[in-house]
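Kindly generate the complete structure, drawing on both the sequences and the hints.
So the sequence lines, in the order shown, correspond to chains G and C. Here the first sequence stands for residues 1 to 406, where the numbers follow our numbering. Here the second sequence stands for residues 1 to 168, where the numbers follow our numbering.
Honestly, the hints are just simulated from the structure, not real lab data. Don't take every hint at face value.
Said to hold, decoys possible - With a cut-off of at most 35 Å between alpha-carbon atoms, the simulated DSBU-like pairs for lysine-lysine come out as follows:
1. K97(C) / K313(G)
2. K326(G) / K315(G)
3. K285(G) / K109(G)
4. K109(G) / K383(G)
5. K197(G) / K256(G)
6. K65(G) / K285(G)
7. K97(C) / K65(G)
8. K256(G) / K160(C)
9. K160(C) / K65(G)
10. K285(G) / K160(C)
11. K97(C) / K109(G)
12. K285(G) / K216(G)
13. K65(G) / K326(G)
14. K70(G) / K160(C)
15. K197(G) / K216(G)
16. K70(G) / K109(G)
17. K97(C) / K361(G)
18. K97(C) / K383(G)
19. K305(G) / K326(G)
20. K256(G) / K383(G)
21. K216(G) / K160(C)
22. K305(G) / K65(G)
23. K383(G) / K313(G)
24. K197(G) / K285(G)
25. K383(G) / K70(G)
26. K256(G) / K285(G)
27. K361(G) / K160(C)
28. K97(C) / K216(G)
29. K256(G) / K97(C)
30. K109(G) / K313(G)
31. K326(G) / K160(C)
32. K305(G) / K70(G)
33. K12(C) / K109(G)
34. K12(C) / K70(G)
Unchecked claim - Only some residues are given here: those of chain G computed to face chain C with a beta carbon under 10 Å:
35. A33
36. I56
37. T66
38. L229
39. D242
40. D248
Computed from a predicted structure; not experimentally measured. Think of the CB as a built atom: it goes at the ideal place given N, C-alpha and C, for glycine as much as any other residue.
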Amino acid sequence: MSDLQSMPILQAPVAEGAKDQHMVVNMGPQHPATHGVLRLVLEIDGEIVVRLYPEIGYLHTGIEKTCEAKFYQQVVPLTDRVNYLDPLSNNLCYCLAVEKLLGLEAPPKAQWLRVLLAELSRLNSHLIWLGTHAMDIGALTVFLYTFREREEILRIFEGLAGQRMMTSYFRIGGLLMEPPLDFFDRVQAFIHMLPEKIDEYSNLLTGNPIFRGRLKGVGFLSAADAVALGVTGPPMRASGVDFDLRRDMPYSGYEKFQFHVPIATEGDCWARYEVRLVEMRESIKIIQQALDGMPQGPIKADAPKIVLPDREKMKTQMEALIHHFKIVTDGFAVPAGEVYQGIEAGHGQTGYYVVSDGTAKPYRVHMRYPSFATLQALETMCKGRLLADVVAVIGSIDIVLGEIDR
Amino acid sequence: MTEAIKNSLEGKAAVLEGLPEHPAVRAILGWNPGALVDAKFDRGELTLTIAAEEIHAAAVAVQAAGYNFFEDMTAVDWFPSSPRFQLSYHILSHSYKEYIRLRVLVDGPDAAVETMTTVWPAANYYEREVFDLFGIRFGGHPNLRRILMPDDWEGHPLRKDYPVEGYR
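In structure tokens form, the structure reads like this:
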């Protein structure tokens, strides 16, 4: 890498042979196509992008520092705020990491519900991606349709946890409480309805010459570049790298589900679009399997010093009341050690690195979020292309600034 | 407690004896056994502690052994003990389908290690983040600037001696 390429654009001299026709353009942080507060500094030659430099940190809230001051169970609601479009995946990853530290395993019903909800959460994330991506390209209609379906997911979440977006439904060692009585019927009705809606989006977009023209061949990323730059999830699989943590390193009982991992080899925005559409259909299959095979039993692990007792027990049994009081006021001590737990979230591989020093508060929580790494590949994908293509590429990598800045 | 915690291997000798066929262990032994300071197998995760000045060469060795994907990298501040900082690199192998953790201990107010960007370009943002939030420097990094905090920020927020309310 030459010195020139590595320097921030605003401070660097213009590229070799540029004369004076190169222009530096600032895009964002308040730009509707940057999905939040991404700021890009672009050096352009006419309309061709010569260099691109992302400036991030506008949403930095120091969540990792905040985690160090909380009890283990108090970190769960914080994780929702990081990737707010795929909230339950964050919960899942954190809970699995702490359960690994504790040597605790959630009971089968909790694991199956976790898989079901993580897939529902993935659908939520992909629906928002499809709507906003199509809107960036200029197809406004799809946005209204996908948000209509997303509304149903949010209603299911609301019935489940009382919250629409920041559900915080998972707990260390299980789940918050039993799902409401109509939960399974609503999920069944939703996934029964969704495949034809996906056909509807596909009818609107796949044959649309403008949409095709804006995505085909745009934002190419080779398989080698994807691996080298840390790109994960659908963008990596659209570049032809066949790897999915759900299938290859199963967690939370994913090994019991049959599903297909879609791969494309073109590596452009169109391939990412196609991979995600197939992923949505596969998620529906996983949810159907989870509904059909849902085991019976408790939803919380049998660990009274770690898992909060049921409200009913707390009010009738002295031990349960004592445990409740101890967990809420003192937390629970976690054996010293360090673990890294990776899961496949909607955007790619999410990972939590939790270090314990044997007390009731995590010594260090580090969050690995896919968009942070994928952003590094943005320059590779946009270089030499038109300025308008940057918008298509940002949409196609499905960026969430909350998880980049944390 | 589950099996994973019982089956932990503590210390270099125990890991070399217990996991002699592990590809990452073999790669490090084949390259330079002296650089392996410590090792641990705990909760199903292998941690290899490498001497700070050898980390770049160790990364080249494990990459050649099939650990192709740089997943994550961060630091832990063990203030006030010494050595103060621990760097944890989480490397994924797409072929073996497992993670390993490379661990480096560094110390001092101007702690520094060699950059990983020449082995895995993905390390770029992660090293900037560690520099920003912990103040550890990476020699040879192409653009070692603050990434999350403003450019004129003073201090490194994730250090343990950094007050939660900020400096007053």
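Compare the structure with the hints numbered earlier in the document and write down the numbers of the violated ones, lowest to highest.
When the structure is compared with the hints, numbers 1, 4, 6, 8, 10, 20, 21, 23, 25, 33, 35 turn out to be violated.
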